[in-house]
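Q: Okay, here's what each chain looks like letter by letter:
2 protein chains.
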Amino acid sequence: MPEDTHKTERALLHAIEARSRGIRLDGAELIAGPGDDCAVVQIGNESLLITVDQLVEGRHAEPGTPIDPIARKAVARSISDIAAMGGEPIWATATGLLPEGYPHADALFDAMKRWAEHWNAPLIGGDIAAGPGPLALTVTVVGRMPSNAPPVLRSGATPGQSIYTSGPIGGSLASGRHLTFEPRLDAGRAARELGATAMIDLSDGLGIDADRLARASGVRLLIEAESVPMHPDAGPWRHAFADGEDYELLVCAPERPSGFSGPIGRVESGPPGAVILDEHGNEHAAERLGWDHADRSR
Amino acid sequence: MPEDTHKTERALLHAIEARSRGIRLDGAELIAGPGDDCAVVQIGNESLLITVDQLVEGRHAEPGTPIDPIARKAVARSISDIAAMGGEPIWATATGLLPEGYPHADALFDAMKRWAEHWNAPLIGGDIAAGPGPLALTVTVVGRMPSNAPPVLRSGATPGQSIYTSGPIGGSLASGRHLTFEPRLDAGRAARELGATAMIDLSDGLGIDADRLARASGVRLLIEAESVPMHPDAGPWRHAFADGEDYELLVCAPERPSGFSGPIGRVESGPPGAVILDEHGNEHAAERLGWDHADRSR
Chain A
0 MPEDTHKTER ALLHAIEARS RGIRLDGAEL IAGPGDDCAV VQIGNESLLI TVDQLVEGRH
60 AEPGTPIDPI ARKAVARSIS DIAAMGGEPI WATATGLLPE GYPHADALFD AMKRWAEHWN
120 APLIGGDIAA GPGPLALTVT VVGRMPSNAP PVLRSGATPG QSIYTSGPIG GSLASGRHLT
180 FEPRLDAGRA ARELGATAMI DLSDGLGIDA DRLARASGVR LLIEAESVPM HPDAGPWRHA
240 FADGEDYELL VCAPERPSGF SGPIGRVESG PPGAVILDEH GNEHAAERLG WDHADRSR
Chain B
0 MPEDTHKTER ALLHAIEARS RGIRLDGAEL IAGPGDDCAV VQIGNESLLI TVDQLVEGRH
60 AEPGTPIDPI ARKAVARSIS DIAAMGGEPI WATATGLLPE GYPHADALFD AMKRWAEHWN
120 APLIGGDIAA GPGPLALTVT VVGRMPSNAP PVLRSGATPG QSIYTSGPIG GSLASGRHLT
180 FEPRLDAGRA ARELGATAMI DLSDGLGIDA DRLARASGVR LLIEAESVPM HPDAGPWRHA
240 FADGEDYELL VCAPERPSGF SGPIGRVESG PPGAVILDEH GNEHAAERLG WDHADRSR
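These protein sequence lines are chains A and B, in that order.
0 is the number of the first residue of the first sequence in numbering that gives the first Met the number 0; add one for each residue after it.
0 is the number of the first residue of the second sequence in numbering that gives the first Met the number 0; add one for each residue after it.
Chain A extracted, bound-state conformation:
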């Protein structure tokens, strides 16, 4: 995999997002478009959440990874996006692009069905194609905001709030946790109920994701490296904050919601972006950690 693959994917997604501003739907209202964890559509009395992710063998899971954890991760990534809005899953659809002669198709879809139901998002449709190349799964999950509550976007952080995380960070890929993480539906719900105004799930690393939330909100996020809970196997914070695939939630709220640790920092007014404060009192641009991560190319 060339080193710039991850950068290219990001740049393309960003270009697509930029082109998608001002979308108007017929008979529905787009509350949040591309660029948040989920798109949000208001239709009738319902706020629906829509998210889609791909899992490509060799890219998001090592070749030879057993069926069940592959199916689990393919579903869990999208469920995590629903959690990051404070929402509840309703249904899922899945497609599989299977290598020619793939012998595990039935077991794979059985496992996807089981995991989708486990997180309350039954599979209601899908498509299968066979072709050359690696196994690729696409899972779309649609969720809703209970009682039509407003979704917790990335853009709602305000100065004076504190920052919390739903669990420890770092070492997800090396440890295999990227295959076994639990999407934080309960924590996301608790954060919403407590009045959290900004949330994101940590897929690309605490550094780049905190920076994304900060810029979406037009605020400065100051995160104290020593306050961030880390896995024992995670290594130094510079690596841990860039590892990615933690799938913990980062939230900005007036106080600590149930299921979260911290505070790990605070929201300030200032130039938009996230800053890491190290043990010597030095500040580091969080955004750079994300790109370091990309440069190491998994």
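If you're looking for bench data, these hints aren't it; they were derived computationally from the structure.
Just a sample of chain A residues kept apart from chain B, beta carbon distances all over 10 Å, derived:
id	residue
1	Glu61
2	Gly63
3	Pro65
4	Ile66
5	Asp67
6	Gly155
7	Pro158
8	Pro167
9	Thr196
10	Arg237
11	Glu244
12	Ser260
13	Glu278
14	His283
Which bits of chain B does chain A cover? Going by a derived footprint, with three or more residues having C-beta under 8 Å, they are:
id	segment
15	21 to 28
16	53 to 66
17	103 to 111
18	135 to 141
Predicted model, so just to flag it, every value in this text is computed and none were measured.
Each residue gets a CB set at the ideal place from its N, CA and C atoms; glycine is no exception.
With chain A fixed as given, assemble chain B onto it according to the hints.
A: Positioned in the frame of chain A, the structure of chain B alone reads:
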């Protein structure tokens, strides 16, 4: 591509559909699950239609097909499923699995965005990954039934109805029409408004798709080969009815809806299945034509 690829895909989809009966959703009702053109979910006052399709280069489009027709087909296939329910598109999401170093990503997503808007289903989210293997696009379209009208399922045909098609059949792949077809949104809407009770879009060929509708409805469909409109380049009916990728609508209705030709046959009580009546008065199981098609492996 091995000869049995298409059969394998069908068999897998069927196994998945069979496992998906009796699905219950939280806060929504599943009106139609896997196995129809779209899944149908009743949520609040809305009947939503959900469909997803993949386009794999080398499988659904020749390698080297220009960007614009690839993007068009990827979107149009899912729009056609919305048309087959008598519904209206609301939004789309798209994912791309791009070959490493793929130089046309931006133009491709630009074209997908344009075509999605053309059919009134703006792209509100997506994902991009790079990997080995061919270009693969997944497009999900969500639509709705206007005024909460009941969707036109495959299962509603009743004896005494006539059968109509929205356009000529055959030769779609050889002629390139599979890249340029127009999803029959207007015809689908007209059929619904006229009280059509069963409809399907012809993706796998008139033979196998008519048979599918017949079995879903528990009726016998008798189609007169000589009454079916065909493209001048389509060859004999045995081939034309098996070519597939026509993306015309087949409908069962009390009378001819606007935008349809026929009648091309009638709905009868009898053993479930579709039968083709040839020019000599002989009957042929329509189902076989579908499998002949698969055997020729495109």
